[in-house]
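Novice: One-letter residues, chain by chain:
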Amino acid sequence: MGKHTIWFHSRPSIVSTYSVAGKKEGDGPIGSVFDRILSDDYFGEKTFEKAECKMLSTAIENVIKKSGYDKSDIDALISGDLLNQIVSASFAARDFNIPYIGIYNACSTVTEGLALGATIVDGGYMSDVVVATGSHFSTAERQYRYPLEFGSVRPPQSQWTVTGSGAAIISSRGDGPSITAATFGKVVDYGVSDANNMGAAMAPAAMDTLITHFTETGRTPDYYDLIVTGDLGALGSRILKHIISQNGYDISEKHVDCGEVIYNIDEEEYQGGSGAGCSTIVFCSYIYGKLKKRELNKVLFLATGALLSTVTTQQGETIPCISHAVAVEND
Amino acid sequence: MADAKNSTVNKAYISFVSEISPRTNERRSLFNAFAVGGFICVIGQFLRYILQFMFSLEGDELAGAVSMILIFLSAFLTGIGVYDRIGKYAGGGSIVPITGFANSVVAPAMEFKSEGFVYGLAAKMFIIAGPIIVFGVVSSVAVGLIYYIAGLF
Amino acid sequence: MDTTTEIILMFVKAFIVGGIICSIAQLLINYTKITPGKILVYFLLAGVFLQAVGVYRYLVDFAGAGATVPISGFGYLLAKGAIEGAKKGLFGALTGGIVSAAAGITAAILFGYIFALIFKPKSKRN
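Chains as they are written, first to last, in our numbering: chain A, 1 to 331; chain B, 1001 to 1153; chain C, 2001 to 2126.
In short, the hints are calculated from the structure, not lab data. Where is the CB? At the ideal position from N, CA and C, for every residue including glycine. There's no promise every hint is true.
[To be verified] The calculated DSBU-like cross-link candidates involving lysine-lysine, where the alpha carbons are at most 35 Å apart (straight line), are:
#1 A:50 with A:66
#2 B:1088 with A:241
#3 B:1113 with C:2120
#4 B:1088 with C:2120
#5 B:1124 with A:23
#6 A:46 with C:2087
#7 A:3 with A:23
#8 C:2124 with A:50
#9 A:186 with A:292
#10 A:292 with A:65
#11 A:50 with A:292
#12 A:50 with A:290
#13 A:50 with C:2120
#14 C:2124 with A:66
#15 A:71 with A:241
#16 C:2124 with A:46
#17 A:50 with B:1088
#18 C:2033 with B:1088
#19 B:1088 with B:1011
#20 C:2124 with A:292
#21 B:1088 with C:2038
#22 A:186 with B:1011
#23 A:46 with A:66
#24 C:2033 with C:2124
#25 B:1124 with C:2124
#26 A:293 with A:3
#27 A:65 with A:290
#28 B:1124 with C:2122
#29 A:241 with A:23
#30 B:1088 with C:2122
#31 C:2120 with C:2038
#32 B:1011 with A:254
#33 A:23 with B:1088
#34 A:298 with A:66
[What the hints assert, rightly or not] From chain C, some residues computed to sit far from chain A (all C-beta separations above 12 Å):
#35 2003
#36 2009
#37 2012
#38 2013
#39 2037
#40 2049
This is chain A alone, in the form it adopts within the complex (with noise of 0.2 Å):
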């Protein structure tokens, strides 16, 4: 066993998992397979934020739902998001009268959050946990950008935030691809710090987990049928794959990553998505799909974060980033 990595002996198993993706994300080319799409990006509520909120309780009451388990029956909810304080996991906590812990980790949050849960559930403390992440469009660009009625220009190398939420159960009954093993990333820095330039700062940061997953497993890129990463977007999967090539590992061939697949991207404009939302949603739509479906037996999971926040921007600071690897494979 690795310094990072954790095999989950009991092989916990994510038994189902709900998609609510927004109007933008619900066009885009894996449009068809959320199980919930916004008509309006307002979601019915008053402010964005509220809307951010009720999407992610809408990802967690429904995977209950679907999963045929009661509410009494969730031990934890893992659950956090992008916004400051991560008011929109807490809030939308605060509906479910379930043990909630918040955690964040920007874009990464959900494979944290899928890591630790099998974590807790394979180590026998809980039976059933709940891990649900989200992020909206308007409330991100507002809290790091501009206000969404500026003129502003986006520089082609930025990415555009998913609009969406995502959640997940994992067990230790039932059936469902299995979370065999987790690897957790360390905070990397190669000194971006340009933050419209996500892909790139985030790209090592992924490297390095990969490299350090497979060092640890044994296993190589060939082991796995797909690896998925978060949101490096079209510009940071073409920096990971040259990067990651250089250090002896070809992966061109198994890698997707969802900030790619999400929207028909014209690289013109923009990269892709990003967000605590677009891993998680594709993650729990496409992916989780295929999974059951058995297409897809063997899938390695890493989402990425940059760590920073406005004012470390605004302080001239390059960009932290972090990544942590989950294996899901079917039995």
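Starting from the known structure of chain A, arrange chains B and C on it as the hints suggest.
Specialist: For chains B and C alone, kept in the frame of chain A given last:
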């Protein structure tokens, strides 16, 4: 990783990133900025003629009235969600005209209305345009004082 | 030259001069990653400076709205007001700039307030 920021590997990485990163389409962005910026100025010129010939305004009053109308139009277009679309297309062409200044006031005012009328709308109205007022006042006072002192001799 | 030609020529000049000023801003955006807020400040200060050394008014005479509509024209107004105020005395030197720019600032705040009351921000799709 603190010292890693300065290592040669990372310098090589940064230069690789800037090499591979896409650039804004030079010709198209310049053309758009030129066309839209020029067009906004033409509207301004048109308003100048109208106000001059039909309402016989002149001098500072004329300039002030033209600015007010342009700001009104820009505030309206921002409100109905059109100005940000123009901005995406025109870049500098819609930022630099006085309409861009108006947009930078109205957009945050709308955005932060949800945090209340005092600390939201009114206070955050100036998160982008505030520096313009600050530097405008400071620099105009500096110019005024220089001219005043020079006039004493 | 008759009035019609003069008017048409003025439109052309306004278009070209205004367009060039905006293109300079676009060049700055493309090459230096300066944010829009800073662009506005730099152009304002450029206008103040150019009028303080007595140059910008020639551009205004030449191109009309092509020089007054960009934010540098706002700077020109500020400097012009301050210089005129300075002739009247110290008080004028301090207040002249803002007095002449009052229309723009009032309009921005007033319309900003009104439209923010009426409208809600909309989400974007591209």
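Novice: Has the given pair, residue 46 of chain A with residue 66 of chain A, been kept, meaning a C-alpha gap of at most 35 Å?
Specialist: holds (28 Å)
Novice: Taking 12 Å as the cut and beta carbons as the points, is residue 2012 of chain C off the interface with chain A?
Specialist: Non-interface label on residue 2012 of chain C holds, nearest chain A Cβ at 26 Å vs cutoff 12 Å.
Novice: Would you check whether the claim that residue 2009 of chain C is not at the interface survives, using Cβ distances to chain A and the 12 Å cut-off?
Specialist: holds (30 Å)
Novice: Holds or violated: are the alpha carbons of residue 50 of chain A and residue 290 of chain A at most 35 Å from each other?
Specialist: holds (32 Å)
Novice: Are the Cα positions of residue 50 of chain A and residue 66 of chain A separated by 35 Å at most?
Specialist: holds (24 Å)
Novice: Is the straight-line distance between the alpha-carbon of residue 2124 of chain C and that of residue 50 of chain A 35 Å or less?
Specialist: holds (17 Å)
Novice: Is the hinted pair residue 2033 of chain C and residue 1088 of chain B satisfied, with a Cα-Cα distance of at most 35 Å?
Specialist: holds (15 Å)
Novice: Checking the smallest CB distance to chain A, is residue 2003 of chain C really beyond 12 Å?
Specialist: holds (36 Å)
Novice: Next pair to validate is residue 1088 of chain B with residue 1011 of chain B; report whether the Cα-Cα distance is within 35 Å.
Specialist: Holds: residue 1088 of chain B and residue 1011 of chain B sit about 32 Å apart, inside 35 Å.
Novice: Going by Cβ atoms, does residue 2037 of chain C stay more than 12 Å from chain A at every point?
Specialist: violated (9 Å)
Novice: Given the hinted pair residue 293 of chain A and residue 3 of chain A, is their Cα-Cα distance within 35 Å?
Specialist: holds (33 Å)
Novice: Given the hinted pair residue 1088 of chain B and residue 2038 of chain C, is their alpha-carbon gap at most 35 Å?
Specialist: Between residue 1088 of chain B and residue 2038 of chain C the Cα gap is close to 17 Å, so the pair holds against 35 Å.
Comparing the model with each numbered hint stated earlier shows that hints 6, 7, 15 and 39 do not hold.
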